[in-house]
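Q: In terms of full-length UniProt numbering, the sequence shown opens at residue 1 and continues consecutively.
Worth flagging that the hints you see were computed from the coordinates, not collected in a lab.
Warning: the hint list may mix true and false statements.
[To be verified] With a cut-off of at most 20 Å between alpha-carbon atoms, the simulated SDA-like pairs for lysine to any residue come out as follows: (1) Lys309 to Leu391; (2) Lys513 to Glu442; (3) Lys47 to Asp146; (4) Lys355 to Glu299; (5) Lys28 to Ser131; (6) Lys309 to Lys290; (7) Lys502 to Glu491; (8) Lys514 to Glu461; (9) Lys355 to Gly344; (10) Lys187 to Ser131; (11) Lys348 to Met216; (12) Lys28 to Asp110; (13) Lys204 to Tyr223; (14) Lys444 to Glu460; (15) Lys292 to Lys28; (16) Lys47 to Met231; (17) Lys403 to Thr387; (18) Lys290 to Ile332; (19) Lys38 to Leu71; (20) Lys513 to Ala445; (21) Lys200 to Ser222; (22) Lys38 to Met141.
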Amino acid sequence: MAGKSKQGKEGGGGGSKGDEGALNAFLKWASDEEAVRKWQREINLRKILGTRPNVMSKDKRERGNGVLARLTNFFPDEVAEGAAIIASRVPEERWNMLEWNGDASQPCLDGISAAHRFGAVVDPSDLVGVSELYHVLSGLMPPSADRYSAFHLGRLQQGDFVGSQDDAAYCVVDRSVNDPSRSGIAKCSRDIAVMLFLGKDQGKGGSIFRDLYHEMPTAADSYELEFNSLMAFHVPREYELTINQSDSTCFFLFGWFLKEGELYELEESKGPAECQQGLSKKKSVKLTAKRKLRARREEAYQVPAEFLKLAEEREEARRTKDFERADRIREICSSAGLKFNAGGRLMKSKDFSEKLVKEALLKLQEKSNPSSSSSSASKSRKKESKTERILRQAREAQEAEGKKEERKGEEEEKKPKEHKKAKEEQSSELAGSSTPAGEKEEKKASKREDVKRAGKRKAEEEEEEKAMAAAAVKKEPKKPKKPKKPKDEEEEKEAEEGAAVKEVSRRERNQQKKLDMIKRRGWLGVKQ
């Protein structure tokens with residue numbers, strides 16, 4: 001980005017005219033107070049973030065109650081182009097490198113409590129358009145006597161990053177900045193953090209904003225530094241900017257809206273010295289435990305550079321849906337005592353040791369630098385790897401068959417008791433089959449006779465029932481017409497016919513019950 005802007009300056013032509021037009025468009029828009037206020041009302045950052053959560057101490061706050069706002073297409077298109085040109089035209093000598101490796105034994109002079117490396121502009125007083133840019137951003141929150149703002153211009157070049165931190169800090173502000181009638185110094189806390197990204201053409205390997213607010217971050221908590229996008233959140237909220245591995249530069253604005261008072265508790269290493277006086281023993285113990293936990297976390301994420309490259313290759317493989325390669329990389333890392341957390345970040349596991357790391361590195365070197373003895377040797381190695389793969393597949397198939405057999409055995413054990421009883425009855429019948437052949441024949445003959453008798457009875461009963469039904473339904477011979485009987489006589493006749501039909505159906509039911517009983521007894525081998 002910076003290279004393009006220099007060419008525009010020196011060479012002139014169409015590129016420089018376009019840059020000048022975008023820069024003038026931004027300056028014209030920033031000087032139009034009515035247009036800026038209308039845009040700020042449309043953004044309405046206070047409504048997006050909502051009210052500040054009640055409890056904001058890192059160990060007591062409820063998870064999930066904070067809002068992380070990501071606004072794309074933040075500025076109007078031409079205004080955003082002008083803002084990017086302002087950042088790219090800052091002279092190289094005005095950039096200050098802020099760097100600290102996270103070693104507590106070495107002093108951190110810039111006040112950032114996490115490991116970091118990036119460029120920043122300390123004094124933007126005579127830079128074109130920078131003060132206007134800060135002024136536009138400071139109006140995103142409604143004016144208040146106890147609210148202030150502080151913004152800075154930054155850039156991420158190749159190898160730059162910002163380690164995990166939560167931005168919590170106290171600072172002192174001159175009260176006369178907002179109101180000249182007020183005097184004195186006010187102690188403030190960082191209330192809302194904002195980051196506006198103005199870098200173009202980041203490509204692969206660019207830095208990523210990773211939200212670490214939740215206990216188990218996922219891939220959905222990672223955001224690319226998209227051009228003309230703004231991130232905003234209440235402080236404290238833990239986050240990081242990953243290492244920029246691309247050769248492109250990402251310019252960004254970062255800063256905070258400040259509020260008078262202590263909005264949260266600070267760790268012992270943060271804040272002025274007077275804030276640490278009068279701490280109770282219980283609080284000091286808590287702060288010590290927090291420091292130890294943070295140190296353990298940072299140590300867990302300190303893995304060798306070779307494996308960090310593997311982790312990046314794994315992310316790329318997952319992005320391209322090459323899951324086989326991603327699984328191979330995960331196996332290599334696990335052999336060294338490393339693991340990937342829920343957010344895809346590589347960290348140390350309980351089995352981590354230097355010995356495992358050395359062994360894994362040796363294997364990696366053997367794979368990356370094969371011996372140049374002869375083509376036949378390489379072919380033999382390939383053949384060996386194929387046979388090993390075939391053997392592994394055979395072992396896996398055997399294990400799968402064994403698991404299937406185990407499942408079948410478990411299912412048989414979990415069968416209902418009724419099936420077991422049925423099996424026992426079958427076994428008892430088989431055991432009783434050792435009786436003499438004569439007794440068996442007698443039983444079979446008696447059963448056949450019972451069935452025949454039952455069939456005869458049923459046939460006789462059916463014939464009787466049919467005859468009774470025919471007699472009941474049989475019509476009387478036609479007689480000469482008689483005068484109509486009164487209604488009460490007809491009703492009596494219908495009632496008699498209904499009673500006869502009911503009697504027939506009742507007998508049918510009784511006969512059917514008897515027949516069913518005979519069948520059951522005959523089946524069980526009981527003689528009538």
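Q: Which of the listed hints are broken here?
A: Checked against the structure, the hints that fail are numbers 1, 2, 6, 9, 10, 12, 14, 15, 17, 18, 20, while the rest are satisfied.
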